[in-house]
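Here the protein sequences line up with chains A and B, keeping their order.
Read in order, the letters of the first sequence correspond to residues 1 to 417 in the working numbering.
Read in order, the letters of the second sequence correspond to residues 1 to 412 in the working numbering.
It should be emphasised that the hints constitute simulated quantities derived from the structure, not laboratory data.
A virtual CB, placed ideally from N, CA and C, is assigned to each residue, including glycine.
Each hint should be verified, as a subset may be incorrect.
To be verified - Here are the simulated distance ranges between beta carbons:
| id | chain 1 | residue 1 | chain 2 | residue 2 | range |
| --- | --- | --- | --- | --- | --- |
| 1 | B | Glu263 | A | Phe118 | 34 to 44 Å |
| 2 | B | Lys280 | A | Ala366 | 23 to 33 Å |
| 3 | A | Leu185 | B | Pro370 | 48 to 58 Å |
To be verified - Derived coverage of chain B by chain A (criterion: at least 3 residues anywhere in the stretch with Cβ under 8 Å from a Cβ of chain A; other residues may be distant):
| id | segment |
| --- | --- |
| 4 | 16-24 |
| 5 | 304-318 |
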Amino acid sequence: MKLARFINELEEGSRIAAQQIYANKLRSMLTALGIIIGIIAVTLMGTAIHGIDLGFDQSMGFLGDDVFYVQRQPWFSGRDWMNFRSRPSLKIEYAEQIEKIAATTPDSQIEMALPECFRIVPVKKGDTQLNREQLIGGLPGFLRIHPSVVSEGRFFNESDAMAGSNVCVVGFNIYKALFPNDGGLEQIILVDNKPFRLIGFFIQEGSFLGNGYDDTLIVPLSSFRRQFNRRQDPTITVKVKDKARMVEARDELTGIMRRVRHLSAGKPDDFSINQSQALKDYIDPIKTKIALAGLFITGLALFVGAIGIMNITYVSVKERTGEIGMRKALGARRQTILLQFLLESVSICLLGGIIGLVLTYGICLAAQSKLPSFPIDLSFELVFTGMIVSTITGILSGFAPAWSASRLDPIVALRYE
Amino acid sequence: MIIREIFIMATRSLGVNKLRSWLTILGVTIGIFSVIGVMTTVTAIRSSIESGLNVLGSNTFQFVPPTSDLSGGGKTVKKIRGRRPITYSEARRFIQLMEDVTEVITPRLSTSNVQATYSKQKPLFGLQIVGTNPYFVTTNQFIIAYGRNLTSEDVEAGKRVAVIGHSIEEEIFRNETPIGKTIKFDGQPYQIVGVFAPKGNFVGINQDNTIAIPITAFLEKYGGRGRYVGIAVQAPSQETLDEVIDRATQVMRRVRALSPGEENDFDIFQNDRLISAFDKVGNVVATGAFIISAIALLAAGVGIMNIMLVSVTERTKEIGIRKSVGAKKQSIMIQFLFEAILLCLVGGALGIVLGILGGDGAATFWFKVPIIFPWAWATFSVVICTVIGLTFGLYPAYRAASLNPIEALNFE
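The following block holds chain A by itself, in its conformation from the complex:
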């Protein structure tokens, strides 16, 4: 019974709202325009933030989410760098020792461990010089930890590593810069003025932020150490079996490293285990800050739109005071009046929200064609949120005027001129 009446009121309210919106076309359009501007701003900002998030995750992919990096210092050490620098060096043999201990551990989470060395070097071929490229000295197992695909040629193998031959595999961007006309395989290039034979290059990985291994050269660790720096601390890269059990794996690795380093029970760790999570943990608060600031600022536009609705609904209540008085005198209840005005403001908001979302979609498509590398994903959630937000905006901003309308004294209202 009650429900039937509510539905009846809803029906009638919608009809009146539609009539009113139609009768004041310009006014309704302008009011909706305020909401449209707000919704476009907020959803575009949301899409941009989401896109940056996605791009960041893609770029982080090359660090691997199932890999630990054992190093002397943590990636984000801040002020304590001096303490970390005085820790004893890491040794290449650690990788084998870790694997050996892990092999004898029942239910070990560690799959493999490799030593790697890094260096920034100039690269030269003929008249072309690249000034700052990342050089990695690694073992033939490199690709099992860092999944990358050799486009042409081959990766170095055990016999290259054993012989310590000067061969290198380069990232796509370096290959293209040195050999714009292709034909670089088996050529000699100068890496920090040492001749290296190019035996392969990777496929292009490029993403929105960072380039994976596109700007990297990889040589056998043995030749790295002979040609560049014998004493440099290696990074021990450790791959785990199951990335869902990173925490256990980390504990296990800490234990093994303490054994390898012969640390007695009371002593603190003199090494750091880094993982891509650390980078995420470092960047996430910054991302959150930017996202909050962006949503706050664009939210202000939506807020201004809401104020506009409130204002116009007040006007509409005032204009129709006589009508409200009449309806009340004929027995309309407070809720009926309240519902009627709320319906009016909510439908303007929804109208604005829908138009705004359609326009946002158009803008996204346009942006996508201009910036293909930026991952744009106008998600269903965002559309859904947009609709919810505009409905809530309508209710919140329409409530005060609708309430004041429902409270009008019919006698005063009827007399109103």
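Given the coordinates of chain A, assemble chain B onto it according to the supplied hints.
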């Protein structure tokens, strides 16, 4: 006189619908708050980064190794022309030949990741050793906290003396003065004669772990082969800077024995360029921030237009009467425009105050940068308010002004 009348009329008619006027003003306040708040924060952060970028003093430029990639980012593919490094003897010759222009010339050799020990303490790692002369403090804007600077005699005699950075003092001389103590790095003892005042981090590079020693002592220990001597030159004033750069280029060409047709085989780097490169990025960010923050202002403008249209409709009769007793089209228009501008200006004033408070609050709270008062943006937003009032008030005012008096009087 007339202006006063217009003002009184506008305030009166705005006063009739107080709630409505205040809501409209609130819209503008939020719009201006958004612009001023964001721009204040952006400006405050920018100015603090810019002051950090002034590693070199003003009027200073540097000869740099051609391989150093100062533009940052991107890949520089450079054709090399068999450049040889600037040697110390070339640098000395250069200093001699430049004597009549400026004295403040610093040759600079450095090596990083050095490990230092003091008596029996545990060694310090990751230090930067700079071989230079007394003017290093001037060109690189260091201040001697206490003790003394390097002297010309130190440099001439190749004395093993050192001025140490603040971090080193903090780390190993906690309870004693470092002056007169002997510190050892790379197996060589040096006597400490002075300590630099803290300089802080610059883009992640700690400048307080620098140790300055005479360049001659540096060469004796580390050798000069293959090392590029950086030279920083300070011009006597900003006005003479270009002149000095020209002169220095000529002198360097002479020192390097380049024949007239040859290209320069060295690069000159000016600090201003780093700042202007940063400025470019800063401008893009600021423009983006401005556009995003101005969206709210646009929404507020739409609100004003809407309310003014309502107000015109409501006062159709009044307009009819005024017109029939002889009011000109123009004065009706001015009346409504003035109302719109007044709404905007009141809202704008509130928005400026809130925006500066909010913006500086955010800048100091989250980014720890000193507060500023953005006069330019404040003035600009007063102008914006007027323009918004004019733009969005124009159509309603025009509609009011072009009402036909007979129809307007008939309006129910």
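Q. With a Cβ-Cβ cutoff of 8 Å, does the segment 16-24 of chain B contain at least three residues near chain A?
A. holds (count 4)
(Q) Using a Cβ cutoff of 8 Å, are there at least 3 residues of the segment 304-318 of chain B near chain A, or does the coverage claim fail? (A) Check passed, 5 qualifying residues.
Q | Satisfaction of the hinted span 23 to 33 Å by the C-beta atoms belonging to B/Lys280 and A/Ala366 | A | holds, 25 Å
Q: Mind checking the hinted window 34 to 44 Å against the Cβ distance between B/Glu263 and A/Phe118?
A: Given about 35 Å between the Cβ atoms, the range holds.
Q: Indicate whether the distance between the beta carbons of A/Leu185 and B/Pro370 respects the range 48 to 58 Å.
A: holds, 57 Å
Every hint, counting from the list given before, is met by this structure.
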